[in-house]
Amino acid sequence: MQKFTKLTGVAAPLPMVNVDTDAIIPKQFLKTIKRTGLGKNLFNDLRYTPDGGENPDFVLNQPAYRQAQILIAGANFGCGSSREHAPWALQDFGIRCVIAPSFADIFFNNCFKNGLLPVVLPQEQIDQLMELAKQGAALTVDLETQCVTAYPRNINFSFKTDAFRRDCLLNGLDDIGITEKKTAAIGSYEERQKAERPWV
Amino acid sequence: MPKTLYDKIWDIHVVARQDDGTCLIYIDRHLVHEVTSPQAFEGLRMAGRKVRRADLTLAVADHNVPTTPDRAQGIREPESRHQVETLAENVRESGIEYYAMNDIRQGIVHIVGPEQGFTLPGTTVVCGDSHTSTHGAFGALAFGIGTSEVEHVLATQTLLMKPYKNMRVEVDGVLSPGVTAKDIVLAIIGEIGTAGGTGYVIEYTGSAIRALSMEGRMTICNMSIEAGARAGLIAPDETTFAYLKGRPKAPKGEAWDKAVAYWRTLPSDAGAKYDKEVKLDATKIAPTITWGTSPEDVAPITGIVPDPAMTKDNVKKQSMQRALDYMGLTPGMKLTDVTVDKVFIGSCTNSRIEDLRAAAQVARGRHVAKNVQALVVPGSGLVKQQAEKEGLDKIFLEAGFEWREPGCSMCLAMNEDRLDPGERCASTSNRNFEGRQGRSGRTHLMSPAMAAAAAVTGRLTDVRELT
Ligand code: SF4
Chain Y
1 MQKFTKLTGV
11 AAPLPMVNVD
21 TDAIIPKQFL
31 KTIKRTGLGK
41 NLFNDLRYTP
51 DGGENPDFVL
61 NQPAYRQAQI
71 LIAGANFGCG
81 SSREHAPWAL
91 QDFGIRCVIA
101 PSFADIFFNN
111 CFKNGLLPVV
121 LPQEQIDQLM
131 ELAKQGAALT
141 VDLETQCVTA
151 YPRNINFSFK
161 TDAFRRDCLL
171 NGLDDIGITE
181 KKTAAIGSYE
191 ERQKAERPWV
Chain F
201 MPKTLYDKIW
211 DIHVVARQDD
221 GTCLIYIDRH
231 LVHEVTSPQA
241 FEGLRMAGRK
251 VRRADLTLAV
261 ADHNVPTTPD
271 RAQGIREPES
281 RHQVETLAEN
291 VRESGIEYYA
301 MNDIRQGIVH
311 IVGPEQGFTL
321 PGTTVVCGDS
331 HTSTHGAFGA
341 LAFGIGTSEV
351 EHVLATQTLL
361 MKPYKNMRVE
371 VDGVLSPGVT
381 AKDIVLAIIG
391 EIGTAGGTGY
401 VIEYTGSAIR
411 ALSMEGRMTI
421 CNMSIEAGAR
431 AGLIAPDETT
441 FAYLKGRPKA
451 PKGEAWDKAV
461 AYWRTLPSDA
471 GAKYDKEVKL
481 DATKIAPTIT
491 WGTSPEDVAP
501 ITGIVPDPAM
511 TKDNVKKQSM
521 QRALDYMGLT
531 PGMKLTDVTV
541 DKVFIGSCTN
551 SRIEDLRAAA
561 QVARGRHVAK
571 NVQALVVPGS
581 GLVKQQAEKE
591 GLDKIFLEAG
601 FEWREPGCSM
611 CLAMNEDRLD
621 PGERCASTSN
631 RNFEGRQGRS
641 GRTHLMSPAM
651 AAAAAVTGRL
661 TDVRELT
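Same order as they appear, the protein sequences are chains Y and F. Read in order, the letters of the first sequence correspond to residues 1 to 200 in my numbering. Read in order, the letters of the second sequence correspond to residues 201 to 667 in my numbering.
No lab work stands behind these hints: they were computed from the structure. Check the hints yourself; a few may be wrong.
What the hints assert, rightly or not - Derived list of chain F stretches under chain Y, where covered just means 3 residues or more per stretch with a C-beta under 8 Å from a C-beta of chain Y:
| hint | segment |
| --- | --- |
| 1 | 458-469 |
| 2 | 598-605 |
| 3 | 624-636 |
Ideal placement from N, C-alpha and C gives every residue a C-beta, glycine not left out.
If we strip away everything but chain Y, and leave its shape as in the complex, we get (with noise of 0.2 Å):
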């Protein structure tokens, strides 16, 4: 997996509540057997008109925001399905990092096994971040320090994420080469789940 240690980029900002799996890669990007490529329909309906060309008002396709390497958003980002598509387009088109108030939890989850950070911060601090990221400022995220910053502005807004997460994305270590160290344990866990309770 690919490590996140610190992460300086231009931030991009989607005032929007509720923004969904479906709103992030829609199900029609979900026939692909790969996890790459799904960078260019990020967003897809908001990003397109149907007829295919770019929706000039969405904050992607602005001049700005094209690179942008960071997220704001509005809360419960990440509702609905559990497609891994969702960080996966994210990290293909780019993003590294999303900061909301709030993450569903399967989408959060899913965040951290493909190397993309998601931080949670009160709402004020939100605000005052997305207005920093309407004006085209840089901000700075510091897995190690946990920490948001933006310079030269007085801001510094700490963050907090568990340990053993935090762990596996600053090493970018896989989970299943972690679990694998424990084949015993599942081994006899077997066992005795066959004596206790055979008919599982």
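Use these hints to put chain F with the ligand onto chain Y, whose structure you have.
Showing chain F with the ligand alone in chain Y's frame:
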């Protein structure tokens, strides 16, 4: 200390615990479908890993499959065909049981699992699909996972996770005529909101839940995810055991007796603590529909389209206005004046036999309104077979409904069943997001009886007026 149903299932599945509280949890049942699994199998191959427990895994293609009668000739759409063929190839290589499109047992993954007795009380059930919460109706801890986790389960039969918090939603009282499980769950989501259950597992309790059939309980647990909860749970009882007994994959003979004895120990202990509790009065729930683009945008069918100007919260006001613009509705309009173009009866929320019976009862002796296309898509081949045995297909066909082959169909419109831009649909599915049933399509969620009523009148209708 008294434990909840959730705590009990969690504790018994812990394989290892890390210092920070992250646990390695054993997974008893893994359901696999074509959309979220190809990258997981590819990942295994690239790392030279094998499927650890093919015997605990069951695969079926549902999201992409056509539902038209001519599907025996194969899938026309090349990408969909490729995805389904890839699944067939992957499961063959790994020795996983698979119900192909022409198998009578094929259907929507969350209909198939319970129907086969693959889903059992007290087990952990996962699938790369958020509506895995459906299986919680059996008192199984069931939740959706992403593709990386699918790969993790295939390789290790475990998952790394932290425990969720406990939430109880208690629904007491007797439902009024015309009110169903779907109305209960829409009312719950309207009450707690689409993020109300985030970070929790919801246990549904109370006399109204106890009185539901397994079909109704599955409808409730199915939409836990629309309330933000990754899993929903209902304690197993006699209704559960009666449903499971004799199913192909349910335990038999002595094993059955042992299993039932264990299952009886699962319900939450008296005095168990919940982190959050919500109560609803079942007698106050009316047939409920959604008017907007989020499942929390609910209203009783007797109501009107709400006015954003009445909300103080600015963000809320804007999102309501956006929803109304998208849905093509104006504040104050009576919901029963809203006309529909399509009707979809199906999905893992409402495509079981009971749902089809309820819809057929409304359809019987009536006819689908002019300019309305109405689809009935059974949840599985076995549901379809049962319905045909009861003559429901004839009732639907005579009333002008289309009788389809099983699959996800217009629930997410990944196959050819979809809304055209601007079309409005009365749907028994679970999501009314923008574009969910087709780009610029407009979805109103409701129960099967209500959807059938909309089909015959051509507008959103209070089903109680038709009986
Ligand atoms: S019926 Fe709809 S919600 Fe259910 S699994 Fe299929 S696509 Fe998902």
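Verification of the supplied hints:
no. : hint    : result
1   : 458-469 : holds (count 3)
2   : 598-605 : violated (count 0)
3   : 624-636 : holds (count 5)
Hint violations for this structure: number 2 only, all remaining hints satisfied.
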